Amino acid sequence: MQLIMHNFDELNNSVGFYIGFTASAIKNELIKRLSEKGHDITHAQWMILMMLWAKDGRNQNELTGLMYKEKTTITRVIEVMERRGLIFREVDPNDKRNKICYLTEQGNELKDKVIPEVINLNVQAAQNISNEELAHFKSILKKILANINFNNSKLKNC
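Using my numbering, you'd call the opening residue of the sequence shown number 3 and step up by one each time.
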C-alpha cells in the first residue's frame with residue numbers, strides 16, 4: 003500500500019495521518035496512565051518537565067522554540083506549572099524581557115514517579131518490533147522531517 007495521498011478521499015492513507023494519529027494515541031495513553039497514578043499533567047507540561055530534567059534553567063523562549071508552540075501558549079502552561087509548585091522562574095540576567103525556568107524540589111521528585119510510566123508505554127508500543135525495524139523507522143522519520151525542512155538539531159536540544 004502506497005501511503006502517498008492523491009486525493010482527500012484517501013486521507014487515512016497519508017503519511018501525516020498515520021504519524022499524527024499515532025502521536026495522538028501515544029500522548030493520550032501517556033496522560034491517561036499518569037492520571038491513573040494521580041499525576042495531573044498535560045502533555046505540554048510533560049514536555050516542559052522533560053526538557054528541564056535534561057537541562058534545568060532554560061529560558062522561556064528556548065522552551066517555546068523547542069516545542070513549536072506559540073509563546074502565549076507556553077507562557078500559560080508555565081504559569082500553571084509555577085502555581086502547582088513544579089517550577090519557578092527568575093528574570094534572565096542577559097535579557098530582562100525573558101525568564102528562566104527551573105525545577106522545584108517537587109518538579110524534580112516527579113521524575114522518578116513519571117519516567118517508569120513513560121518507559122512502560124514505550125516498551126508496550128515497541129512490542130513485536132525488532133531493534134532493526136525500530137532503527138529503520140527512526141531513520142525514515144528523520145528523512146520525513148528533513149523533507150519538510152524541520153531543524154533536526156532541535157531534537158538534540160531536548
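Quick caveat, the hints were computed from the structure, so don't treat them as lab data.
Predicted model, so just to flag it, every value in this text is computed and none were measured.
Any given hint might turn out to be false.
Straight line, CA to CA, 25 angstroms or less: simulated PhoX-like cross-link-like pairs of lysine-lysine [unchecked claim]:
(1) K39 to K101
(2) K57 to K113
(3) K29 to K98
(4) K39 to K73
(5) K34 to K145
(6) K98 to K71
(7) K39 to K144
(8) K115 to K29
(9) K73 to K57
(10) K29 to K140
(11) K57 to K71
(12) K57 to K144
(13) K101 to K71
Ranges between beta-carbon positions, derived for each pair [said to hold, decoys possible]:
(14) I142 to H45: 19 to 27 angstroms
(15) R99 to A137: 39 to 47 angstroms
(16) K113 to E92: 17 to 25 angstroms
Even glycine gets a Cβ: it sits at the ideal position worked out from N, Cα and C.
Exercise for the section: Check each numbered hint against the structure and report the violated ones by number, ascending. Expected result: 1, 3, 4, 5, 7
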